[in-house]
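*Asks:* Next come the chains, spelled out residue by residue.
Number of protein chains: 2
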Amino acid sequence: MPRAQPESLTRVIDDLSQRLGKRCSVNRSILEQHSHGEDYAAHDPPDVVVWPVSTEEVSHIAALCNAQRVPLVAFGAGSSVEGQVNASQGGVCIDLSRMDQVLEMHAEDGDCVVQPGVTREGLNAYLRDTGMYFPIDPGANATLGGMISTRASGTTTIFYGTMAQNVVALEVVLADGRVIRCGTRARKSSAGYDLVRVFAGAEGTLGIITEATVRIYGRPETVGAGVCPFPDFHKAVDAVTEVIQTGLKPTRIEFVDEVMMGACNRYMHLSLPEKPTLFVEFSGSRAGVEEQFRLADEIMQGHGAAPLEWSTDEARRTELWKARHNAYHAGRALRPGWESISTDICVPISALSDSVAQARRDIQAAGLTAAMVGHVGDGNYHVMFLFDPQDDGQRRTIEGINSAMIDRALAVQGTCTGEHGIGLGRRDKLRKQFGDDTLSLMCSLKRAWDPNGILNPGKIFPQTT
Amino acid sequence: MPRAQPESLTRVIDDLSQRLGKRCSVNRSILEQHSHGEDYAAHDPPDVVVWPVSTEEVSHIAALCNAQRVPLVAFGAGSSVEGQVNASQGGVCIDLSRMDQVLEMHAEDGDCVVQPGVTREGLNAYLRDTGMYFPIDPGANATLGGMISTRASGTTTIFYGTMAQNVVALEVVLADGRVIRCGTRARKSSAGYDLVRVFAGAEGTLGIITEATVRIYGRPETVGAGVCPFPDFHKAVDAVTEVIQTGLKPTRIEFVDEVMMGACNRYMHLSLPEKPTLFVEFSGSRAGVEEQFRLADEIMQGHGAAPLEWSTDEARRTELWKARHNAYHAGRALRPGWESISTDICVPISALSDSVAQARRDIQAAGLTAAMVGHVGDGNYHVMFLFDPQDDGQRRTIEGINSAMIDRALAVQGTCTGEHGIGLGRRDKLRKQFGDDTLSLMCSLKRAWDPNGILNPGKIFPQTT
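Note that the protein sequences, when read in sequence, are chains C and E. Take the first sequence: its position 312, counting from 1, is numbered 312 in our numbering, and each next residue is one higher. Take the second sequence: its position 462, counting from 1, is numbered 462 in our numbering, and each next residue is one higher.
No lab work stands behind these hints, which were simulated from the structure alone. Remember, predicted model here, so these are calculated numbers, not experimental data. Just so it is clear, CB atoms sit at the ideal spot from N, CA and C, and this is done for glycine as well. Hints are not guaranteed to be accurate.
[What the hints assert, rightly or not] Ranges between beta-carbon positions, derived for each pair: (1) C:E32 / E:D437: 32 to 38 Å; (2) E:T246 / C:R316: 24 to 30 Å; (3) E:A411 / C:T246: 41 to 47 Å; (4) C:E38 / E:K322: 42 to 48 Å; (5) E:E32 / C:Q101: 30 to 36 Å; (6) C:D129 / E:L272: 42 to 48 Å.
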């Protein structure tokens, strides 16, 4: 849809400021704060920001925007990285951060009902004394509404699955303001179309999530974290494959490349081996954790690794994983003042070694600065490319390499995005990945549910669709 | 949609018999064979049955039916139980049983590409010497296309998840004959709407699956099966809850009630205790299996159970689980010549004890014959009601009890169907479960993708929608 008509926008802003008072703002710095997420270069401010506190308010806002044909963009923590929250056609930004209540907790059923603005750290703070926790960890302290909307995952996916597998029911406000519920609290259901999985990953283009029921888990008795450098990347991947095939169940198994390890050494004044490194976590009973580390160590040394250093002590665990936890900022610090672009390739595990090796060849041939981390058990890795924002040639080179990486991933039936989503940044890749017919099927779903195209317009679909 | 116009039907049958030769039939006994699945009373024969052998043929058939407005009903093994394969508006029955090839197997990635007519036993026979297997087990030897389409699950869901969680990519023929692909072979993806999960559970109303990529798993080193009678149902459920909360990971944990145990004794000339009984399976390393049985036994005896009898020997395992494996036929044999109706309630685990207790009270008060089995770790159980087909009053009483069971399940955010689907038999329950607005959202998706309503017409949506 195009931008709203000025008179429509005026009507909407008048209504909302009257209804919401101070929870409606056209202040320029507020608009700027809501013009972008993280790591996406463009800033697109909305015309107005509102902070609803109830489903009824969200419903009113949607119905109003729909009647006036004004774009409506949902905003959580602003931690998405592909421009998902940019108001590229202006309109109303609906900031859900004040809908941040945990509504119900059912320990016996392993689920929890939350408002969309609850963050994952907020939920875990709430659960602290209950023996339960919410394990999905994309790094950023995202809101659960946002995590559901981008099908976020992160370091624990290998054990707990993605956000899509951990959301069981939703309340959603549709484009026309209707409020619907889908899903159940039962462990499974064959009743009708699985609408929960349609909204999960729709990036706010099909509805606004106003309540979510998510899975929570018993906090494990013991958590052990370890770290282990390898002579090269291939050996690290082979070790991960064997760890998994042997039936060990790491709760996290992360890869950091030698460039990123060097960045961490400089950023945090450490002296870790600047080698491809695996970070491993096992959870469960003390005996189970010890046994799994023993077996993992054996497997890893069989692939040429140094002995696995590990601990179940919390302070020591944090120390051992320090490099992994701070990799993002360490990587950015390699070139102060430069921008970064992260790839999000995910391929079948059998294709991972080649995928990374070819990426590295391209990076070296072009003489670029790039560091790598990977959720290697999922076949998912991020290359953080750094570039001088003044240097258009450098940016184009990176885009070319990224594009070639995606082409190769698609050739082995992988995906252009494992966990970051499409947003504005990968719209053309969506067409490349699925082709015109599949894309038109997605578009027809969008048109059926949001006929005026007010919900997060411009997102996920290529502009010529 | 209504039935096809006679002249349209003639055109379709002429075209298909010319193109497919003997793989197109209007033979009356063939039509009758394709008029129903299992356990659904009505028989609705199609006007013609075809057996395509390629995606191109399926595409041609769909395009032809769409142009002529002729209903198109997909048929696999005919093992669905809610009338999903009944041709309630006549038309073309597309029998996919000759598309039964396993196309690719990727052991390292844990996936397998199959045609829709491959059965789960067929797939496991194919995988026999590879060290891999396909664990999803709904009981019947269903086709994978059918299992995906009803979001089937069964006894192993507690460990491996449902069919929806074990299908990663699809090729689908749409109503107008277009062939689309969705999903990837990567472990996760955030690229666009998750169309795989839309087709999974759509019961053939949105497209015809012509190829599926499903997860396969390494065959466990050791499998142990055990059995254990309890003094009452509540104690058995409490034991299951504790087994799960303790972190034990049964691959199956099944409940059979005392009525069904009695039926098994009579049907197979056994002398098992006629008590509520749990059937448990653990898999993995030998030491792990032994340790888990030891802990499970301790927990169960703590809830008043007899000592857990178990074995890892294959013949002995089959013996121990004989009652569970034959429960369906044993139950039917309680009243030879009578019909049966199965409920498929699934509730949050915290609500399971009450749900079953209230069902039993209703059954006893009405003096009905009914036996029970349950995938108790999932909160899913089936009451098999037996009734005299001549006795309308008896059938109405059963329908009333079933309806009350569903109402109570919905009140605790459970579902009217855990794994059997909606078909013809539960259409009104779909509305009850989700309400008009959610139902209309499902309908608008159906209309967007199948505007002429040719795909499995009459299914899942209440007739007044």
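*Asks:* For every hint, state whether the structure bears it out.
*Replies:* We went through each hint and held it up to the structure:
As the Cβ distance of E32 of chain C to D437 of chain E is approximately 37 Å, the hint placing it in 32 to 38 Å holds. For the pair T246 of chain E and R316 of chain C, the beta carbons lie near 27 Å from each other, so the given range of 24 to 30 Å is met. For A411 of chain E and T246 of chain C, the hinted distance range of 41 to 47 Å is satisfied, since their beta carbons lie about 45 Å from each other. Distance hint check: the CB atoms of E38 of chain C and K322 of chain E are about 59 Å apart, inconsistent with the given range 42 to 48 Å.
Separated by about 58 Å at the C-beta atoms, E32 of chain E and Q101 of chain C break the suggested range of 30 to 36 Å. At roughly 45 Å, the beta-carbon separation of D129 of chain C and L272 of chain E lies within the given 42 to 48 Å, and the hint holds.
Checked against the numbered hints above, the structure breaks hints 4, 5 and satisfies the rest.
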